[in-house]
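Participant: So you can see what is in the structure, the chains are spelled out below.
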Amino acid sequence: MLKLDNIEAGYGNTRILHGVSLEIPKRGLVALLGGNGTGKSTTLKAIMGLVGLQSGTVTVDGRDMAGIAPEARAGLGLSLVPQGKEAFGAMSVEDNLRMGAYHRRKDRAGIAIDLEAVYTRFPRLKERRRVAAGMLSGGERQMLSIGRSLMSRPSVLLLDEPSAALAPKIVEEIAEAILGLRELGLTLLLVEQNVGMALDIADRLYVIRGGRIAHETAVGDGIAMSELQEFYLGGHQDA
Amino acid sequence: MDLFLQYLANGIVVGSSYVLVAVGLTLIFGILGIVNFAHGEFYMLGGFAGIGLATVLGLPLIVSLLGVVAFAALLGFLAEQILNRQVKDKDPTNSIVSSFGLAVVLQNAALLVIGPQPMLLRTDLSMVPVEIGPVYLPLQRALIPVAMIVLVGALHLLLRYTWVGMSLRAMAQQPTVARMCGIRVSRVAIVTFMTGAVFAGVAGFLMSSVFMVHPLIGNMIVLKAFTVVILGGMGSVTGAAAAGLMLGIVESMTSAYLGNGLRDIVGFLMVVIVLLAWPQGIFGRKLERS
Chain A
1 MLKLDNIEAG YGNTRILHGV SLEIPKRGLV ALLGGNGTGK STTLKAIMGL VGLQSGTVTV
61 DGRDMAGIAP EARAGLGLSL VPQGKEAFGA MSVEDNLRMG AYHRRKDRAG IAIDLEAVYT
121 RFPRLKERRR VAAGMLSGGE RQMLSIGRSL MSRPSVLLLD EPSAALAPKI VEEIAEAILG
181 LRELGLTLLL VEQNVGMALD IADRLYVIRG GRIAHETAVG DGIAMSELQE FYLGGHQDA
Chain B
1 MDLFLQYLAN GIVVGSSYVL VAVGLTLIFG ILGIVNFAHG EFYMLGGFAG IGLATVLGLP
61 LIVSLLGVVA FAALLGFLAE QILNRQVKDK DPTNSIVSSF GLAVVLQNAA LLVIGPQPML
121 LRTDLSMVPV EIGPVYLPLQ RALIPVAMIV LVGALHLLLR YTWVGMSLRA MAQQPTVARM
181 CGIRVSRVAI VTFMTGAVFA GVAGFLMSSV FMVHPLIGNM IVLKAFTVVI LGGMGSVTGA
241 AAAGLMLGIV ESMTSAYLGN GLRDIVGFLM VVIVLLAWPQ GIFGRKLERS
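First to last, the protein sequences are chains A and B.
Under the UniProt record's numbering, the final residue of the first sequence carries the number 239; numbering is consecutive throughout.
Under the UniProt record's numbering, the final residue of the second sequence carries the number 290; numbering is consecutive throughout.
Please note that the accuracy of each hint is not assured.
So these bits of chain A aren't anywhere near chain B, every CB distance computed over 12 Å [claimed, not checked]:
1. D5
2. L50
3. Q54
4. S55
5. L78
6. V81
7. A101
8. L179
9. A218
Just so you have them, the derived chain B footprint on chain A, three or more residues with Cβ under 8 Å [unchecked claim]:
10. 82-91
11. 102-113
Please keep in mind that the hints were generated in silico from the structure rather than gathered at the bench.
Heads up, the beta-carbon is just placed ideally off N, CA and C, and yes, glycines get one too.
Please take these sequences and the hints and turn them into a complete structure.
Facilitator: In structure tokens form, the structure reads like this:
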């Protein structure tokens, strides 16, 4: 369960988020849509604690995250799959995955089990386990990013634009992989610019614009793609 | 040919000390992004501490070595508090300027406390000859490359196969992702500084039987170490090891065949050429598909 209650955040004196609220029930998959510079990434950074909150609260599984350092949040079930498919480029695929389990590094048996589970989910990573992560293709690196997050045994997983800079066929593969994560009982927040992908897999959509939630709707409410795009592209004036 | 081999051996001995100093410098730069101009002072203080323990207190060499390690680790810990913890979050150039300041403070503190008189470590080992074919080295010099190989080998294993080492590499490659994995920046910074200081301090102790130790010796050694770091590729440990040995050998040959006056110039000449031709360093490489 992830809950943002009226959070305001920014850098220095510049405020980016002006009261963002959203709630994802356990096992829910919610998409946060918005263009560049609307506050999507800042929202994720605020959840992870990389950007300090000026007001409001972030709650993960009923626990207030206030005062908890970013590096301590991995141990509390919160994990981010970062934008740009960032990996430890000079380290092998397998070492990258192991790093995801850093906060429970004493649990050797558990790590071995989780490693096998990631390889079963992404067989491509098993083939490439000895390769340096920097040599992977974009799609493989996205799988690696997701796999690394899974190694932390998260309950809430945040995905920052997993479809960015990938070929349509690969995007489909990644979308399927994300759907597969629901079976693990994860609470998922998908931040995207790709409306089509979000409509395909999410059960609830939020549109963010100018650091505020401009629109909120359940998927399957007969929502029209054109209506959504109007919000998303900013054709609609703020209410 | 016999003389050539002797010069080669001398170069390897001096080069080994460059490796030990440069490895720490390249780690601190690669992991924390800090250019540490006070690194030469770890070397200088390691030399004085060793001479103090071995000559003044008359402790056995191995005990003195352990004492130098402990002392240098403490120095590294304190330097991290000053150069990283206090100033780094405000502006990255702060740590460069404050490391300059720390270097000056430590040099003058050494001048005040120990005095300007150069000192040399004299041990019984200097009487024990090691002869490999035509090459002759006193045992205490022959042990310097051995110590370097042991220390760099241990560091290599630590970085590759332990969680501490992997967290250091992760922090060097993707600091934000590393934090998201639960790695604490402050802990990595302390480990990095302590490792760097221990390597430099041990180098200072080992070399105190070859070159005289004095309070300003850190100035030259830190420039040599920067030369090595640039030649080897910023942040690369294997690059620093290879480039350090290379610089030691080239200097030894220059001094033997071209004249001793050119000895300290040749390294800087190499830096200029390398930066023009291979800005990544001779051994630096990019492992990232763009």
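Participant: Establish whether the coverage given for the stretch 82-91 of chain A by chain B is satisfied; the threshold is a Cβ-Cβ distance below 8 Å, and no fewer than three residues must meet it.
Facilitator: holds (count 7)
Participant: Once the closest CB in chain B is found, is it more than 12 Å from L50/A?
Facilitator: Label violated. Min Cβ-Cβ 7 Å, cutoff 12 Å.
Participant: Are all C-beta atoms of chain B more than 12 Å from that of Q54/A?
Facilitator: holds (19 Å)
Participant: Per the stated criterion, does the least C-beta distance between A101/A and chain B lie above 12 Å, as a non-interface residue requires?
Facilitator: About 8 Å separates A101/A from the closest Cβ of chain B, which leaves it inside 12 Å; violated.
Participant: So is the stretch 102-113 of chain A in contact with chain B by the C-beta rule, three or more residues under 8 Å, or is the coverage claim wrong?
Facilitator: Holds: 3 residues of the stretch 102-113 of chain A have a Cβ under 8 Å from chain B.
Participant: Examine each Cβ of chain B, and state whether all of them lie more than 12 Å from the Cβ of L78/A.
Facilitator: violated (9 Å)
Participant: Verify that the Cβ of D5/A lies farther than 12 Å from every Cβ atom of chain B, and report whether the claim holds or is violated.
Facilitator: The assertion about D5/A holds, with a minimum of 23 Å to chain B.
Participant: Quick one: work out the minimum CB distance from S55/A to chain B and report holds if it exceeds 12 Å, violated otherwise.
Facilitator: holds (23 Å)
Participant: A cut-off of 12 Å on Cβ-Cβ distance, and V81/A was said to be off the interface with chain B. Does that hold?
Facilitator: Non-interface label on V81/A violated, nearest chain B Cβ at 9 Å vs cutoff 12 Å.
Participant: Once the closest CB in chain B is found, is it more than 12 Å from A218/A?
Facilitator: holds (30 Å)
Participant: Should the label of L179/A as a non-interface residue stand, given a Cβ cut-off of 12 Å to chain B?
Facilitator: Nearest chain B Cβ is 23 Å from L179/A, so the label holds.
Figure legend: structure checked against the earlier numbered hints; hints not met, in rising order: 2, 5, 6, 7.
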